[in-house]
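Visitor: The chain contents come next:
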Amino acid sequence: MATLEIRDLHVSVADGAEDGKEILRGVDLTVKAGETHALMGPNGSGKSTLAYAVAGHPKYQVTSGTVTLDGEDVLAMSVDERARAGLFLAMQYPVEVPGVSVSNFLRSAITAVRGEAPKLRDFAKELKAAMDALSIDPAFAQRSLNEGFSGGEKKRHEILQLELLKPKIAVLDETDSGLDVDALKVVSEGVNRFGAAGETGTLLITHYTRILRYVKPDFVHVFSGGRVVAQGGPELADELESEGYEKYAKAGASA
Amino acid sequence: MSGLETATVGQPLSTLHEKGSYEVADFEVPTGREEEWRFTPLRRLRGLHNGTAEGDGKVLVEAEAAPEVTVETVGRDDPRLGRAYRPADRVSAQAWASFTEATVVTVPKEAVASAPTVLRLNGEGQAAAFGHTTVILEPFAQATVVLVHRGSATYADNVEFVVGDGAFLSVISLQDWADDTVHVSHQYARLGRDARFTSHNITLGGDLVRISPTVAYAGPGGDAAMYGVYFADGGQHLEHRLLVDHTEPNCRSRVDYRGALQDQDAHAVWIGDVIIRVAAEGTDTYELNRNLVLTDGTRVDSVPNLEILTGEVAGAGHASASGRLDDEHLFYLQARGIPFDQARRMVVQGFLGQLIERIEVEDVREKVQAAIEAELER
Chain A
1 MATLEIRDLH VSVADGAEDG KEILRGVDLT VKAGETHALM GPNGSGKSTL AYAVAGHPKY
61 QVTSGTVTLD GEDVLAMSVD ERARAGLFLA MQYPVEVPGV SVSNFLRSAI TAVRGEAPKL
121 RDFAKELKAA MDALSIDPAF AQRSLNEGFS GGEKKRHEIL QLELLKPKIA VLDETDSGLD
181 VDALKVVSEG VNRFGAAGET GTLLITHYTR ILRYVKPDFV HVFSGGRVVA QGGPELADEL
241 ESEGYEKYAK AGASA
Chain B
256 MSGLETATVG QPLSTLHEKG SYEVADFEVP TGREEEWRFT PLRRLRGLHN GTAEGDGKVL
316 VEAEAAPEVT VETVGRDDPR LGRAYRPADR VSAQAWASFT EATVVTVPKE AVASAPTVLR
376 LNGEGQAAAF GHTTVILEPF AQATVVLVHR GSATYADNVE FVVGDGAFLS VISLQDWADD
436 TVHVSHQYAR LGRDARFTSH NITLGGDLVR ISPTVAYAGP GGDAAMYGVY FADGGQHLEH
496 RLLVDHTEPN CRSRVDYRGA LQDQDAHAVW IGDVIIRVAA EGTDTYELNR NLVLTDGTRV
556 DSVPNLEILT GEVAGAGHAS ASGRLDDEHL FYLQARGIPF DQARRMVVQG FLGQLIERIE
616 VEDVREKVQA AIEAELER
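Residue numbers (my numbering), protein chains in the order written: chain A, 1 to 255; chain B, 256 to 633.
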């Protein structure tokens, strides 16, 4: 059973200053296979920093704490090793990579993650089915990665990658932001398909409760001031929906 | 030469390319302080610029012509030579004065070539050689011409493209020289009324390669698209100097040159001059140069110049950007499991590939892709 364990994680932003500003101040979080966690918090609380730090973005420096996947030290791995170990980060703002086609990118990623190149015919079939499920026009396979995609198209492609790469643990960074209701449903269905077998874990980072109508969390964590300040079940999301983050913002600040 | 005050309305401010002569003596020996020579390491030109280039070197030309196309080897006195241009600098004039045989490619009126015509120019050693190539498309003809440069050479040449009214010429010039080659080339295109011209310069090999593609319009409605891809390794000097001279109304030009550089003293120079003269109303032009710097120790000089002398342009712009690989691109690819080295190759290939995929001759396109891959494996 896959388990992502984050213990007392402290992270600073490497911004060129001698000591970067500390954003995460002792995060504890465990995501196991079969579980869906929602991590909610106000803007600037450090949610995205957590996602990027776990994925290994060079801008973020882990100053203390541990992250393990099935007991393996994630922090000792390069970015690509983390992905091959079974971690996936759906980006909030996927970058455009000119000249690298979606198809070439996906095939390269699948080859890297699975350890062998899929047969061209199998890959074409698999890609077509996955794109259909997310209502993605097959013509996108030949386009440059994310170039000229709308916000909703970019997010759908993140979920397409999620479904094709089949990681052990997925971290979805505000995948719901900027989506209209139809796109939100399509994306949520993809996330649910990914979790359906119960062999994978999902950490859904979001500012809004809207996506939780379609993706049901088992656990809800409130994030504020760079750490988890409250935990509970789905009812916690309902409370946040009606009362907002105000009371937790203070909890984070006073820590 | 007096100052800027001599520029009157209708005359470009720049003095670049303004001189033209078939006589070597009309050009001073460059010292390296001149605007048009300041980026070029003259000491590495092996005397091509000052008359001391010695020897009777050979660059052999092999032709493989489409059935509709004739390729001839002619002497200096052939009246078809020198129609499209007047040499604009000393090396060009030297090449004009010194070549012994020229290659003339002719596509008859309204003929549509069914296959690319390939000229293979093979350098046979470092002794200096001079060449001349003239490509003539008669009105409404269509053809693709591929120039492939290989081997060791010290070579200066002029290449003329005479594109008749309504004709369409696509040129791919591949500079795939051996490491010790010095090549200084001028490519002059003259476009008739409603003529189309597309050129791809792919410059990969050679110690010093300096190519000056020029487009002039002889009538309205001409359309020129000039693309370039270069990959400079340690010690290589790769220079491309473009001039588009809009003298006629309602013509269009596009320039997109992209390069990658790696290792100590890789040097790329790109000059993009566009002049829109008073008569050239309705001109639509855009030029772009981008450079991807892969390691420390490289140098890029990128200078776009746009002079607009009429108030009635349809569009005119330029952009130049040089920078390192984008960390966010690499992170994104790596975050999907793709190892760093492969991610880097994919991003560079993507960056250059957007131009390479426009090369319509499949086997040339594949060769160029393979050559870029090989560069990245180094």
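Hints were generated in silico from the structure; no laboratory data involved.
Check before you lean on any hint, since a few could be wrong.
Claimed, not checked - Result set (DSBU-like, lysine-lysine): computed pairs, CA atoms no more than 35 Å apart in a straight line:
1. 125(A) - 364(B)
2. 154(A) - 622(B)
3. 154(A) - 168(A)
4. 364(B) - 128(A)
Since this is a predicted model, take the numbers as computed values, not measurements.
Visitor: If a hint holds in the structure, say so; if it does not, say that too.
Guide: Do the hints match the structure? See the list:
Among the hinted pairs, residue 125(A) with residue 364(B) is inconsistent with the structure: their alpha-carbon atoms are about 49 Å apart, more than 35 Å. Simply put, residue 154(A) and residue 622(B) have alpha-carbon atoms about 33 Å apart, close enough for the 35 Å limit, and the pair holds. For the hint pairing residue 154(A) with residue 168(A), the CA-to-CA distance comes to about 22 Å; that is within 35 Å, so the pair holds. At roughly 48 Å between alpha-carbon atoms, residue 364(B) and residue 128(A) are farther apart than 35 Å, so this suggested pair is violated.
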